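In order, the protein sequences belong to chains A and B. If you're matching positions, the first sequence starts at 4 in our numbering and goes up one per residue. If you're matching positions, the second sequence starts at 2 in our numbering and goes up one per residue.
Keep in mind the hints are simulated off the structure, nothing from the lab. Computed from a prediction, not measured in an experiment: that's the story for all the values here. You may find that some hints are simply not true.
[To be verified] Stretch-level coverage of chain B by chain A, calculated; a stretch enters the list once three of its residues show a Cβ under 8 Å from a Cβ in chain A:
(1) 14-21
(2) 38-51
(3) 232-243
Each residue gets a CB set at the ideal place from its N, CA and C atoms; glycine is no exception.
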Amino acid sequence: MTTEGTADGDDDRALLARHVGGDRDAFGLLVERHRDRLWRVALRTLGDPDDAADAVQDALVSAYRAAATFRGESAVTTWLHRITVNACLDLARRRASRPTTTLSDRTDAETSAVPGPFEAADTAATVLAALRRLPMDQAAAVVIVDVEGFSVREAAEILGAPEGTVKSRCARARARLAELLSELAPGVSGNPAAGNPAPPPPVQRHVTTTREEEL
Amino acid sequence: MTGGPGSAHVALDTLADVEEGIAGTQVVVAVETHLQSCSECNERLSRLRTTRALLTTLPAESMPPTVRERVDTALAQAADERSRTVVPLAQRRLRWNSPAVAGTSAAAAVVILVGALVAGHVIHRNPTRHDTSGAAGAGAARNAAPSFSPAGMKEWATGSNYTPASIPSLIPKIVTGTPSSPLFGAQKSAPGALTGGTVASPAPTATARAALTQEQLRDSPQAVLQCATALADGVPTVPVAVDFAKYDGKPAVILALPTPAHPTLLDIWVVRTTCSSSNLDLYFQRVSRP
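All chains, please: the whole structure from these sequences, using the hints.
Now the structure itself:
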């Protein structure tokens with residue numbers, strides 16, 4: 004998954020260096036190469052297209068302005084993903100801290116938007132709906148590793164957490180998703196509805212950032 | 002077993018730990034033994050594996066055109082702001098190396114110097130290892146008395162705890178308030194510190210290129226200016242206010258920078274570890290100027 008040490012990775016670094024040197028087109032070319040993946044990470048971590056658009060825009064503008072601080076210790080794509088994930092976490096915390104949009108309100112809204120067992124016609128939509136009900140740190144970890152295919156080592160860099168923590172978050176996320184999928188779409192997860200008679204309690208979406216834990 | 006009190010089955014969390022390879026040896030052995038004779042837990046394991054398979058096969062959607070458009074617009078605006086003030090790196094180097102820099106205004110010398118610092122060039126040059134013009138340029142800059150004024154910068158050490166939620170209410174206090182005592186007072190009478198609202202320090206040495214720590218920022222107004230300039234993408238920038246405080250309960254330096262081309266806004270940067278090691282240590286928020 005990584006582009007580190009590859010021709011693509013080298014191109015990314017060259018584009019970033021050109022941007023820092025004043026080349027007006029370089030950053031746009033860099034964005035063109037990564038925008039779809041960054042968009043998917045934001046959308047799947049946050050679960051809301053408007054929020055994802057805000058986060059990606061914030062992340063790319065931040066990257067544009069702070070490109071001179073990139074020191075080349077990781078691949079450019081890892082750097083961009085980390086900025087994007089941080090923008091997602093910051094945005095989620097801002098949303099949660101608004102008096103008019105409390106965390107519980109947001110959770111309620113999300114819960115009501117999740118399709119029920121008999122409404123889930125599309126597997127992908129159901130999986131995305133289940134992702135929205137995960138705590139943010141677990142959602143980010145499982146999106147980076149399972150959905151986007153980054154290695155645990157790369158994910159640790161992106162999430163700013165030790166590899167063991169990333170593995171643990173992924174394991175928690177998969178277990179919770181398996182539960183949610185059997186609740187939301189029994190046929191999708193290959194589990195009969197009768198096998199899970201008691202629906203799990205609503206999940207409060209936590210917005211604790213990895214950086215808080217690490218600093 | 003591991004499915005909770007009174008449960009004979011294996012919890013999904015435990016199965017997920019075993020699958021991920023983070024369960025202890027004893028747990029792994031117990032789970033494997035249990036799976037040999039429990040169809041229900043085998044079904045759970047299957048469900049877990051199916052879940053992971055579903056995650057890996059989600060469709061790879063592209064960024065929608067509407068989002069592309071707004072991102073491109075935002076980046077074009079950032080590019081426009083940058084192009085109004087940034088001196089291209091090649092020009093900076095050319096001007097730096099020219100002995101003529103000694104005859105230019107001191108302010109220009111500092112602008113070039115700071116720009117070079119941000120771009121990570123020039124400062125590592127050792128005059129003994131370079132041509133005469135480079136040495137002359139560096140010497141001229143060191144001897145110049147930089148005179149761009151940070152008089153508008155308010156220096157605080159409030160100790161306030163900033164958060165994304167509290168930034169909009171705390172920033173007006175440091176932007177419109179008046180600090181009770183000068184923060185860099187100990188250095189003001191010494192060379193290299195703020196004097197009468199001007200920076201009179203010698204040009205930074207090679208060590209200045211290293212990531213600026215919070216302590217360095219606290220010790221030197223010039224370090225604050227370098228940090229602000231780095232955050233402003235190389236545009237020499239004097240903060241409206243700086244506060245040595247906290248962010249989410251941890252020590253942090255808060256910088257309120259003018260927003261290029263938007264006099265009604267301020268760019269708030271939070272330096273949580275070092276200023277320039279990586280922007281990943283930074284937090285950014287744009288607020289209305291009080």
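Taking the numbered hints from earlier one at a time, note which ones the structure violates and give those numbers from smallest to largest.
none
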